[in-house]
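Undergrad: One-letter residues, chain by chain:
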Amino acid sequence: MALDFDVFAILLLLAPFPAALLAPLIARETGAAAGWILAIVPAGLFLMLGAMLPSVASGKPVLLALDWVPALDVRLGFAVDGLSLLFALVITGVGAIVLVYADAYFRDHPQRGRFLALMLAFIGAMLGLVLADGLVALFTFWELTAVISFLLIGFDHERPAARRAATQALIVTGLGGLSLMAGGVLLRLVTQTWDLSAMGGFAGALPFSPAYPWIVGFLVVTAFTKSAQLPFHFWLPRAMEAPTPVSAYLHAAAMVQAGIYLLARLSPLLSGTPLWQALLCGLGGATLLWGAVRALAQTDLKQLLAQTTVAALGLMVFLLGIGGPSAAMAVAAVFIAHALYKAGLFLLTGIIDKQTGTRDITALGGLRDHLTITFIAVALAGLSMLGVPPFMGWFGKELGYSGFATTGWSIGLLAILVIGNALLGASALALVIRPFMGPPKPGLDRARDPSFAFWIGPVLLGLAGFVVVFALTPFGDAMLAPAAAAIAGRPVSQHLELAANPLALAFWLSIASWALAGLVYWQLDSIREMLRLLEQRFSWSMDKGLDALLSGLIRLGAALSRLLQHGRLETYLATIVGILALSVLGALWRVSAWPALRSGALSGPSLPEWGTLVLAVVGIGMVVLARSRLAAIFALGVQGLALALIFLVLGAPDLSLTQLIVEVLTVAILALIMIRLDLAPLDRRPPLSVGRDAVIAVVAAGGVTLLLMRVLAAPFNARLSDFFEANSAALAHGRNIVNVILVDFRGLDTLGEITVVFAAAIAAVALLRPSRTIAPVPAAAADAPTPQEVAP
Amino acid sequence: MSTLIFRSMAPVLGVALMVVSLLVLLGGHNAPGGGFAGGLIAAAAAIVYAMARGSEAVRRLLRIEPLGIAGVGGLIAVLSGLSGPATGRPFLTGLWLPIGVFGTPGLFDIGIYLVVFGAVTGLALALEADGEGAS
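Keeping their order, the protein sequence lines are chains R and G. Going by our numbering, the first sequence opens with residue 1, and the numbers climb by one from there. Going by our numbering, the second sequence opens with residue 1, and the numbers climb by one from there.
These are calculated hints, taken from the structure and not from any lab test. Since no wrong hints were added, every one of them can be taken at face value.
A few chain G positions that, by computed beta-carbon distances, are all more than 12 Å from chain R:
hint, residue
1, VAL19
2, LEU22
3, ARG63
Okay, the calculated bits of chain R under chain G, using three or more residues with CB under 8 Å as the criterion:
hint, region
4, 656 to 669
5, 732 to 738
6, 743 to 751
7, 754 to 767
All values reported here derive from a predicted model rather than from experimental measurement. Ideal Cβ placement from N, Cα and C applies to all residues, glycine included.
Given these sequences and hints, build the entire structure.
TA: Pasting the structure below:
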């Protein structure tokens, strides 16, 4: 019974995938209601996961597992503990809201169904990622999110900028995927298990493993690529080419959080070492400041949000680096606060863009009377971002400051945190005040609040960041503390409190951040101008660096292809035959295995054998001496027929039959190729080239002859032929041993061979198709073909 | 290549080659021959016909794209191999009717025949078709 429940629950958690398959149909049939209908899936999962809260909060994680690849000890397991539950609730909750919004956003888009399908599939992949217990399942879902995000970012695939952003995101996060595989395999080697839930016992021992630095290195690269940390931060602002609902979901609440999730999940195993702290605090802190400063330079609302997302992700990485219960609580609080306010702000930016036609913050102003609901929602999200009590953002900030108690109040790290929070606060002020306050800008008079489906989501998200204050203790104990316990690796008994303590340092640090935020906002325009100038001074960026790297790779590939695949058939053949000669003679020389050339070592040929040998030599002689190409091809056929005859004489009728037909077909196909290539009928080449080829041919033939003589000198081992002879009719009901071997005893080999035949034919036919899209290479265009074959 | 004699004889030759190819295929288990040789002979039949009357004529006769025939052949070969796992034995285990005249290896051989025939014919027709296009 227990297993049945597991199967049922796992199938239920994978429900977004079948829903994605149905989405285009539902979108077509139900019209405007599609978003609401499809949102039932993530909303239902949200409720189902929510029902697990009490059990998880009491310290009993829910484990579900199915055998997947039992031979490799791989299971498809889902583990629901505090951390994965927190992420899963955000993924499903925000997912449902974004689906409703996206349906309204794409109301008249011809590919609305495709978009909804991709979004649902992404929800499924993301949910699988945070719930997966096994590393193999985690990796699979990880890569799935990368592929689906590629499709989502490039949704408007007719725009080059969208395609480029999608490719760039795929390359950067794909690098992270490879890195995850390497790190995961190393983890498996050290811990002897794929299951994350079973790795807990190694928590103290892993840092002493020689593989530890490699594991940390690979997994940090994985997390940093996904979560856009320095030096992989550049893809996220680029990815703003995606439609707004995608940005709201992938780039605020879901995909970019996967890296945070990975680091948080593994932090009990890996944290606490100087390496971990240096990487996470150093680069996370740098990313926090970098993103927060860059955000101030942006005038495009979406770019501004993207840069603050980079900064907020840096903040979480930074807090993970610090470690300890308070910092773990802070990570959980910042994660949920950020997911709520940032997803809301992205959606609201989409509304502003739709209703006013611009996202430029300098062109917006005085919208509070026109977009009243939007303004209220922006204000709710912005206050949380600024960290004003009692909004969720405030708890994140406060917990972060008190987390420094464990580090002995390192001044440098503390300064990073205060400045980062202050700069994010300044961006929040800009987001709330600039578009809505002040005198109305021209051209915005007719902007109105959009329909219900648009604004309900952002308003809900804004309220969610606020209503927790009414259930502060249960919320903290049921959601944040279990997640923090999973991050810290030990029970966390910290409670959320709203009371401000004027004696605590954290209180004054909050005041300082607000003051600094206000100061920066006051000077925002001049700071932006200064940053613009600086940006123009330094033209190089990782973004351009990657472009240069990629175009360099393509040029290198082209150069290598030109070098190796030059298209000169003679040189190909000379290379192949020459290497054959070298390897055969070299091998014989290495082992000094020259065959003994005794007279009479080979028994004298019989008369029929002599006859066929003469025929073969005559055929070869004709090939060499033939003046016209067509004659040479037919002469080659003569030589091939002689070979077939030799097989027949030596008692291999099957081989002989096949050889015969192959020769006939070779001549026919070669003749067809000759007609098609439209070569001159006569083949004139300089004597030097003929001589070179003759030398290569003779040396290779000599080498093969010596090899064969050497092989024949060894006594013949008849075990296999005896076996086949004895069992062909008995086991396989056939008297033709060759055929029985082909179709029965060695059937798998044959299956491989016909696969090769099939693939080769597909490739050849594809090459022969008259090309429509690829322009002919100049060389081929130069000698335009003249009509040759006149078919009836 | 398209003389009157050749054009008139090509269908006869083609049919004869086709019959031979089937004999070679079906007799292959006990006498020289089998799917490979049979498929090649059948391809020769198609090529003879294509040389005489053009590749379009062959395509009309076949009705199915040659590469499609090859694909069906591959499918037959794989399915005949899957009859093993379907009955709880390893992949490609030969299963025989009780009297032992026909079994899954025979089916496998038919798959080989179709792959070889389809692949070689597809290649030859593509070459021939281009010669036509130039005229």
